[in-house]
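S.K.: As given, the protein sequences belong to chains A and B, one line each in that order. Per the numbering used here: the first sequence ends with 235, consecutive numbering throughout. Per the numbering used here: the second sequence ends with 161, consecutive numbering throughout.
No wet-lab data here; the hints were simulated from the structure. In this text, all values refer to a predicted model and were calculated from it rather than measured experimentally. Careful: at least some of the hints might be erroneous.
[Stated by the list, open to error] Partial list, computed: chain A residues near chain B (C-beta under 8 Å):
1) P65
2) S79
3) L86
4) H98
5) S132
6) G136
7) L152
[Claimed, not checked] If you want a taste of the chain B side facing chain A, the calculated C-beta under 8 Å gives, among others:
8) R39
9) G41
10) A46
11) G57
12) L61
13) W67
14) V70
15) H71
16) A74
17) G78
18) F82
19) V103
20) T104
21) C111
Heads up, the beta-carbon is just placed ideally off N, CA and C, and yes, glycines get one too.
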Amino acid sequence: MHAPVDPRIARHRVPALTFAVFLLLIAASAAVVFALELGATPARMAAHYRGGRFAPAKTLDGLLLVAVPHLVAMPLVLFAASHVVGWARAVSRRGFRALLALSFGGAALSIACPFLIRFVAPAAAWLHVAGFAGLEAALLAWATLLCAVFVPWRAAVRALPGDRPLPPAEATLAARVPSRARPGT
Amino acid sequence: MRFLVRTAGRPRSRAPVRMFIAFAALALAGWAVQRVREGGLVPAEVEAYYLGVPGGAPLGSAALWEEVHVGAFVQGFTLFVLGSLLVVSPIPDRVRRALLVTAAAAALCDLLAPFAVVGLGGWGAIRVATFVAAALSSATLLAVVAVRFGSEVGGARPG
Chain A
51 MHAPVDPRIA RHRVPALTFA VFLLLIAASA AVVFALELGA TPARMAAHYR GGRFAPAKTL
111 DGLLLVAVPH LVAMPLVLFA ASHVVGWARA VSRRGFRALL ALSFGGAALS IACPFLIRFV
171 APAAAWLHVA GFAGLEAALL AWATLLCAVF VPWRAAVRAL PGDRPLPPAE ATLAARVPSR
231 ARPGT
Chain B
3 MRFLVRTAGR PRSRAPVRMF IAFAALALAG WAVQRVREGG LVPAEVEAYY LGVPGGAPLG
63 SAALWEEVHV GAFVQGFTLF VLGSLLVVSP IPDRVRRALL VTAAAAALCD LLAPFAVVGL
123 GGWGAIRVAT FVAAALSSAT LLAVVAVRFG SEVGGARPG
């Protein structure tokens, strides 16, 4: 099956791929900071928040200092990535919803778990690991999908039955390449 | 996002976009002033910040990566929005691509430069150069978007 590259997608290639690179950097730096500061095991993570022999327990102010910026940043990043991927219809509706659930669920757990570990139960460290792993996987998936949609040799689309035909000037720009994704309007 | 970038027939999108551009300009100016006041234009002060006092320990890995983490979010998101606005501005493709790629590359170099300073045990000039490049390229991108966004194309006034 061959279909034209949608000029609407092609025009957004550079910003979308730039965003994908920064998404990967966000995910990589988050993973390193997580491992260096919280520790690789749930036991060390619980000690980090609840205090141990050498470190005091985290205070509510200290936890809020980290949580509040993330409450703004995480939804913004996930909204932007999911919006672009959804606009390009890069995945099925079910897959898209699953990825959304993984992303926002992972983000919610990553923000809530430090409070749970500190004030409710150290066992919530397991939940923190799971939530963070889910969020990291989701960030990688969004970056991969952005690349899959916007790299030149993949930015192909198949017209939907009700789609408006492209104007001649735009249609002449379109190249014919194998199609996997369909754009929204 | 679509509301922001698709201006044709949507005059109301121009006001919020202009407000975003104004705030982005203020953020960029604030960031630049902050960096300059912290010694970001003086290689010796950059080295002192990352390497500590002579004989002391350099800034830890976690602190370096935290700086990358925060910067990647702020710069990545801002560049993405500015790049999307550039797409609907009447600018030649080649210029548009060059502006965004230059700003993104400079921002990435600036984010990762501290690792070079710590790894090389000096060379604060690298971070000074990346800071200047990132600030100038981002300011240029922002200025072009501010001037060209919503301007007339082929006699029709989009948005």
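S.K.: Each of the hints needs a verdict: does it hold here or not?
M.R.: Hints versus structure:
1. P65: Given a least distance of 3 Å, the restraint on A/P65 holds.
2. S79: holds (4 Å)
3. L86: holds (4 Å)
4. H98: Check failed: Cβ of A/H98 comes no nearer than 12 Å to chain B, outside 8 Å.
5. S132: Hint violated; A/S132 Cβ to chain B Cβ min 10 Å, cut 8 Å.
6. G136: Not OK, violated: A/G136 not within 8 Å of chain B, min 10 Å.
7. L152: With a minimum Cβ separation of about 19 Å from chain B (threshold 8 Å), the hint on A/L152 is violated.
8. R39: violated (22 Å)
9. G41: violated (24 Å)
10. A46: violated (27 Å)
11. G57: violated (24 Å)
12. L61: violated (13 Å)
13. W67: holds (5 Å)
14. V70: Hint holds; B/V70 Cβ to chain A Cβ min 4 Å, cut 8 Å.
15. H71: holds (4 Å)
16. A74: holds (4 Å)
17. G78: holds (3 Å)
18. F82: Constraint on B/F82 satisfied, holds at 4 Å.
19. V103: It holds, given that the least Cβ distance between B/V103 and chain A is near 7 Å, below 8 Å.
20. T104: B/T104 check fails; min Cβ-Cβ to chain A is 11 Å, beyond 8 Å.
21. C111: Hint violated; B/C111 Cβ to chain A Cβ min 12 Å, cut 8 Å.
In the structure shown, a violation is registered for the earlier hints numbered 4, 5, 6, 7, 8, 9, 10, 11, 12, 20 and 21, in ascending order.
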